[in-house]
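If you're matching them up, the sequences are chains W and R in order. To convert, note that position 619 of the first sequence is 778 in the numbering used here; the numbers rise steadily by one, no gaps. To convert, note that position 65 of the second sequence is 98 in the numbering used here; the numbers rise steadily by one, no gaps.
Quick caveat, the hints were computed from the structure, so don't treat them as lab data. Fair warning: this is a prediction, and the values are worked out from it, not measured in the lab. Accuracy of the hints is not assured; some may be wrong.
Subject to a maximum C-alpha distance of 27 Å in a straight line, what follows is the list of computed BS3-like cross-link-like pairs (lysine-lysine) [stated by the list, open to error]:
| no. | chain 1 | residue 1 | chain 2 | residue 2 |
| --- | --- | --- | --- | --- |
| 1 | W | 378 | R | 71 |
| 2 | W | 434 | R | 65 |
| 3 | R | 69 | W | 462 |
| 4 | R | 48 | W | 378 |
| 5 | R | 82 | W | 649 |
| 6 | R | 71 | W | 445 |
| 7 | R | 65 | W | 378 |
| 8 | W | 382 | R | 69 |
| 9 | R | 48 | W | 639 |
| 10 | W | 445 | W | 479 |
Part of the chain R face toward chain W, derived, beta carbon under 8 Å [claimed, not checked]:
| no. | residue |
| --- | --- |
| 11 | 35 |
| 12 | 37 |
| 13 | 43 |
| 14 | 67 |
| 15 | 69 |
| 16 | 77 |
| 17 | 87 |
| 18 | 90 |
| 19 | 94 |
| 20 | 95 |
| 21 | 97 |
| 22 | 99 |
| 23 | 100 |
Ideal Cβ placement from N, Cα and C applies to all residues, glycine included.
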Amino acid sequence: MTYGYTGKILHVNLTKGELEIEEPDEQFYRTYMGGSAMGMHYVLKETPAGVDPFSPDNVLALCTGILTGTPISGQSRLTSVAKSPLTDCIGDAQGGGYFPAEMKFSGFDAVIIKGRSPKPVYLWMHHGEAELRDAGHLWGLKTGDAEDKLKEELDDKRIEVLQIGPAGENLVRFSALISMSNRANGRTGMGAVMGSKNLKAVVVRGKMKPVIANPEKFKEMQKLAKVNMEPTGMDGFGKYGTPGVCSPQHRAGGLPTYNFNSGNFDKHEEIDGHKLYNEHLRGHEKDDQNRFGRDTCFSCTVKCKRVSEVVEGPFKTDAKYGGPEYETLATFGSYCGISDMDAIIHANALCNMYGMDTISCGATIAWAMECWEEGKLTLEDTGGIELNYGNAEAMVKITEMIAHREGFGEILAEGSKKASEIIGRGTEEYLITSKGQEAPAHMPQVKRSLSVIYAANPFGADHESSEHDPGYKAYPERMKEIGLTNPQEKLALNKEMMRFAMITQHLSSAVDSISVCAFVFGASFQLYTPEQLVQAINAVMGWNVDMEEILEVGERRLNMLRAFNSREGVGRESDTLPKKMFKRPLKGGRSDGYFINEEEWEAALEDYYRLCDWDVDTGHPSLKKMESLGLGWVVADNNELSKVIN
Amino acid sequence: MGPLVDFLPNSDRGKAVLNLTNNSTIADMLDKLKIKQKVVVAVNGDEEKGLDHVLSDGDEVLVFTLVSGG
Chain W
160 MTYGYTGKIL HVNLTKGELE IEEPDEQFYR TYMGGSAMGM HYVLKETPAG VDPFSPDNVL
220 ALCTGILTGT PISGQSRLTS VAKSPLTDCI GDAQGGGYFP AEMKFSGFDA VIIKGRSPKP
280 VYLWMHHGEA ELRDAGHLWG LKTGDAEDKL KEELDDKRIE VLQIGPAGEN LVRFSALISM
340 SNRANGRTGM GAVMGSKNLK AVVVRGKMKP VIANPEKFKE MQKLAKVNME PTGMDGFGKY
400 GTPGVCSPQH RAGGLPTYNF NSGNFDKHEE IDGHKLYNEH LRGHEKDDQN RFGRDTCFSC
460 TVKCKRVSEV VEGPFKTDAK YGGPEYETLA TFGSYCGISD MDAIIHANAL CNMYGMDTIS
520 CGATIAWAME CWEEGKLTLE DTGGIELNYG NAEAMVKITE MIAHREGFGE ILAEGSKKAS
580 EIIGRGTEEY LITSKGQEAP AHMPQVKRSL SVIYAANPFG ADHESSEHDP GYKAYPERMK
640 EIGLTNPQEK LALNKEMMRF AMITQHLSSA VDSISVCAFV FGASFQLYTP EQLVQAINAV
700 MGWNVDMEEI LEVGERRLNM LRAFNSREGV GRESDTLPKK MFKRPLKGGR SDGYFINEEE
760 WEAALEDYYR LCDWDVDTGH PSLKKMESLG LGWVVADNNE LSKVIN
Chain R
34 MGPLVDFLPN SDRGKAVLNL TNNSTIADML DKLKIKQKVV VAVNGDEEKG LDHVLSDGDE
94 VLVFTLVSGG
């Protein structure tokens, strides 16, 4: 009897058209728990060093976790890992919805994909079986249309589809994997990897529900969701969703504006969650947004997803493509100096129908806008489009052009860093990338621990890889659960803040491996505390894990990601921040004049390396650390790695 | 700010003027507003004030929940 997991991993070789099922033992699941750590086990074992991200040899792992599919909030998450075409480092992206749970019900915990199919195919996994099917008729379709066709063809409305859109087919380097036509494994270009394999979609259906070891204890955990809802404020979070933080971010001076040159957006109320809820969510005319304008993931009581529509005008948008999150409102909104909500909702929908990451897409356009404002781009470059800040029509048009790699979109489809290398003319001065990935909408100038996390995170700038500075002081009881009892003053970038960054990074890393939602399980505002995550795991699995073991799973996964980069020859030199964060003080609002002192930041980075037991000169994990995490095999199996890790 | 706007009486774009008794603390203000969840409070732009901080006439108080994602 296995609890939680199905015990089956599907291996797919697209070149040969072969499928194999592996049945790992329980120790395997306890070591990795699923998600990113489980995927990295296969990526490190099966991907050759130095692989081209678009090569058939780049292994793409799609993994659920031990809790996925059990009826508790925040568990329906799937993690994708592969070498990233955006960063040329390891790539990693999480997504939710109903697909992850349904994949578990289909009888598989994970799919490990390698090779390249000679023609477009989709993978059909159902009731413990799997097969590859022709997808020639789906190639080129928007996500919503492809999903409709698959439901018709398989004669089942309850299938779930994880797919690439035309952008993934066109190898746009920040293409996403999309499910339900509105949920994304957005970051690091996992959609382009799938596109390079001629794999249009993974389609799942099943009834094989995971077995729970301790149903009584599990019931208690389910009930806790109700108990925790009001005191954590998650009821309000569910109502207004992540967009509810737009105005608070502005007030704190941390709403990235004009391509990260300011944390102050005068028109913040125009892109805030209240405006979205009151005027744009489906059902707002009848004041019935709760019923028509909010959506959720399998068995999640938080219900934070937006369903928005634009019923008329140039930005008319179908509600099936969901609604913008905070990140999207910022990247297409304040980053670009745009306050036209209809345009942002439309750009969000374009990203979901073509399959692109809204963060990298919006931020790449914002970078191009700054280049335009600074006179580095001309009408000749853009094909006649004026790219001034605030130009909503241009933003929407460019989004569409990127998806099709049409005109100037061909260059921007490479992501802003590679685009700056193509264009030159000093345009790299305006980048907001770390490892080539565009920064999300939380400002390291304002939340200083993020300055080190954005730089050192193995898959580039990321806001979900650690807790943010204010959480340390605001949630002392929860922080204590993970050994953090010494909160620091605002803007501190000292050793204790590096401890905070690293330990909460280990917890976030565990969350991405267990593959649960970062809004439901965590050490600050989330619905469940870290200890309650431990209890949920033990209730489902019948194990006796403790917090230390969970944090170690997170540390293991972080070092696997890091070791992948080390094998690619990527180390400390890539752990950098965009130049402008050091050189250009922010303008206006609460954070006026804020910048990051480079000397102080270098010292903090070295403190962080020492805490992680990574070499201060090279940034590579030490052999001792790798061995202590049971990862000696990673070094032993890789010649390139054993040369740099010792 | 954010979802907490729903707790404000007669709110205009998330802003309202409250009448509190003398020597009211931040905790008293949150009680009056029936805000029970974990919040961060800034008084006149200073986020370092605890729940027992005594408010003065004319203070601008910002109340918000933290969300570190999106």
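Interface hint compliance - residue 100 (chain R) to chain W, C-beta minimum distance less than 8 Å: It holds, given that the least Cβ distance between residue 100 (chain R) and chain W is near 5 Å, below 8 Å.
Chain W contact restraint on residue 87 (chain R) - CB to CB distance below 8 Å: 20 Å, violated
Chain W contact restraint for residue 67 (chain R) - C-beta distance below 8 Å: Violated, about 11 Å.
Given hint residue 69 (chain R) paired with residue 382 (chain W) - CA-CA distance at most 27 Å: Between residue 382 (chain W) and residue 69 (chain R) the Cα gap is close to 19 Å, so the pair holds against 27 Å.
Supplied contact hint for residue 77 (chain R), tested at 8 Å Cβ to chain W: This hint is violated: residue 77 (chain R) lies away from chain W, its Cβ roughly 12 Å from the closest one there, beyond 8 Å.
27 Å Cα cutoff - pair residue 48 (chain R), residue 378 (chain W): Violated, because 41 Å separates the two Cα atoms, which is more than 27 Å.
Agreement of hint residue 94 (chain R) with chain W interface, Cβ distance less than 8 Å: Hint on residue 94 (chain R): violated, closest Cβ of chain W at ~12 Å, above 8 Å.
Restraint status (C-alpha distance of residue 445 (chain W) to residue 479 (chain W) at most 27 Å): With a Cα-Cα distance of about 19 Å, the restraint between residue 445 (chain W) and residue 479 (chain W) holds, given a limit of 27 Å.
Hint status (Cβ of residue 95 (chain R) to nearest Cβ of chain W, threshold 8 Å): 6 Å, holds
Interface hint status, residue 97 (chain R) versus chain W (Cβ within 8 Å): 4 Å, holds
Residue hint residue 99 (chain R), partner chain W, criterion CB-CB below 8 Å: 5 Å, holds
Status of the residue 69 (chain R) interface restraint (C-beta, 8 Å, chain W): Holds. Min distance 6 Å.
Taken one by one, the earlier hints fail for this structure at numbers 4, 6, 7, 9, 13, 14, 16, 17, 18 and 19, listed in ascending order.
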